[in-house]
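Colleague: Okay, here's what each chain looks like letter by letter:
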Amino acid sequence: MTTDTDSLQNRAQSSRLGRRLLAERYSSYWLTGAGYLAIALFAGITLLLFYRSLPILSEYPLSSMLTSANWDPAANNFGFLPAIVGTIYVTALSMLMGVPIALGAAIYIAEYAEGRTKTLVAALIDVLAAIPSVIFGLVALIVVVPVIGRYVAPVFSENTVGVGIFTVSLVIAIVVTPFMTSLSVESLESLPDELRETSLGVGATKFETIRSVLLRAAGPGIFSAILLGFGRVFGATIVPALLIGGQTQIPNSIFSTGQTLPTLIVNDFGELMSLPLTQSALIFVGLMLVIVVWLFNFGAMLVQQRLKRRWQYQ
Amino acid sequence: MTDTPLTTDQLSVTYTGDREIEAVKGVSIGFPANTLTTIIGPSGCGKSTLLKSLNRLHEIQENVTIDGDVLLSGDSVYNTDVPAPEIRKRIGYVPQTPTALPVSIYENVAYGLRIHGDYESKADLDEKVETYLRKVNLWDEVADRLDAPGAELSTGQIQRLCVARSLAVEPDVLLCDEVTSALDPVSAESVEKTLKRLKSEYTIILVTHSMAQARRLADEVVFLYLGEVIESNDVRSFFEDPQQERTKAFIGGPTPVNREDNATGPTTTPPTSAGGEGPAAGDDKQ
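Chains as they are written, first to last, in this note's numbering: chain A, 1 to 314; chain B, 1001 to 1286.
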């Protein structure tokens, strides 16, 4: 026994083991530190935004700011309703257009496409997902805006040059769809073949298998993809800034111009920065964005846990 | 039903991917009704490929071509207008990995019934689900939690759930692909017991790499080697009097078969010699 202990002691003191243990200790410090840094960043940003929002929050009651449609910082009117409504319109419309297409494309790539077609389509989608959204905004200014102004809006008896809520929603949908598709394909392709064989083995068709088995089993992953897409739509800044028209009004149709919460900050920050109350109001917009995204992620986490239990397999 | 509901006629399966591999080479065998036939052979000899080609399940893979035919009660499985789902309804399949569908225990069994509309009312569906869960000895274990996700069961229970799900659509033939290889010995034993009870009612084809399991369960044995059938015979003749040199080498010479239901024969060797692997010892317990 004594010799065993001795040799263990000796080993612990050997320089090689010593170096390994040192590396072990410092790497864990580094990793823990990185983790805490993330938490600190989140808390710091939220606190800063909150602190800098205090001037406007102490000046006007929150309820009146959230429900007032009058946004005129120069005259000290801080109504956020137009930008809130604009954001809801854009987010809802984009998701309505993007999610079904993303789902369809993902199912096609993961379950139907074969061989070279599959490789080609999947690669194209991944490239599309990586293109900076400002490119989509520029192309849309040249192509989509005139088409919507001249051909699409008149069908609905709307008079517009082409910029506005609908154009923004369409272009953001185009921006996030490849992204959601790519993530959904990964979820579907990671499913084991046994699920397909099991379902087909009792005489289900391919579509029945996809609908009743694969979409459920990949459900939590697809839900994540949609949620990340939602986050990008909700926080989209450059595309709406280029295409929404920038008029702070409550949109009376989906073709009218408007404002979203991020574009409110972008459009007004430069010129109105010198007015302390306006600056505080715009920082409060930032706080709202952070809170909504946080609430959504938290809610989504709860939903996802339920889905994972309900739709688990194997 | 005919005496051999499923036969293959010069069946060949070729993978035509990067390089061409003929995994099954001109196999012509019959699988007799209400018996359990095991297909044995070393890993990679084409057992699973042969099994999946019997109900066209290999079709989910790319680059596979089939020559020859499979006959289900005399009707062609390949040269036919009958769609694959209808054929697979009649030839069920249980995969190697215990697979619960992402639905409740109840819905796992009801899955095929709902797809084919094989029930008249909710009460009828309830009754059928119970019947098939009882058939695989699972009812007593899950009766109080039918709404729980199927995947929350143990792997052995899930594998029996898979058998119940397959049986629920009343197939003529049941294909089982190494159904106990992913299980612990106790779970494997429960699945083996289930198969043993079912084999008088169903035509079961079981792929296994375990000769001990073949001895315990099989009525008929097919020995597949590099895609070819080397020998096929009833279990007793196969193990006690192998005809081919390859078979003798694979099973390690003639070995006695010792099972309760074969005990009428002259051989009464101690059970230890009947096979080293798997839950052999558990078979006598009830």
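Just so you know, not all the hints are guaranteed correct.
Calculated cross-link-like contacts (lysine-lysine; reagent style DSSO-like; alpha-carbon spacing at most 27 angstroms) [stated by the list, open to error]:
1. A:Lys206 / A:Lys118
2. B:Lys1122 / B:Lys1196
3. B:Lys1248 / B:Lys1025
4. B:Lys1196 / A:Lys206
5. B:Lys1193 / B:Lys1128
6. B:Lys1193 / A:Lys206
Computed far set for chain B versus chain A, every beta-carbon distance over 10 angstroms [said to hold, decoys possible]:
7. Pro1005
8. Leu1072
9. Arg1088
10. Glu1120
11. Gln1244
Keep in mind that the hints were calculated from the coordinates and are not lab data.
All of these numbers come straight from a predicted model, not from anything done at the bench.
Glycine included, every Cβ here is placed at the ideal spot set by N, Cα and C.
Colleague: Quick check: which numbered hints come out false for this structure?
Modeller: The structure conflicts with hints 2, 4, 6, 9, although it agrees with all the remaining ones.
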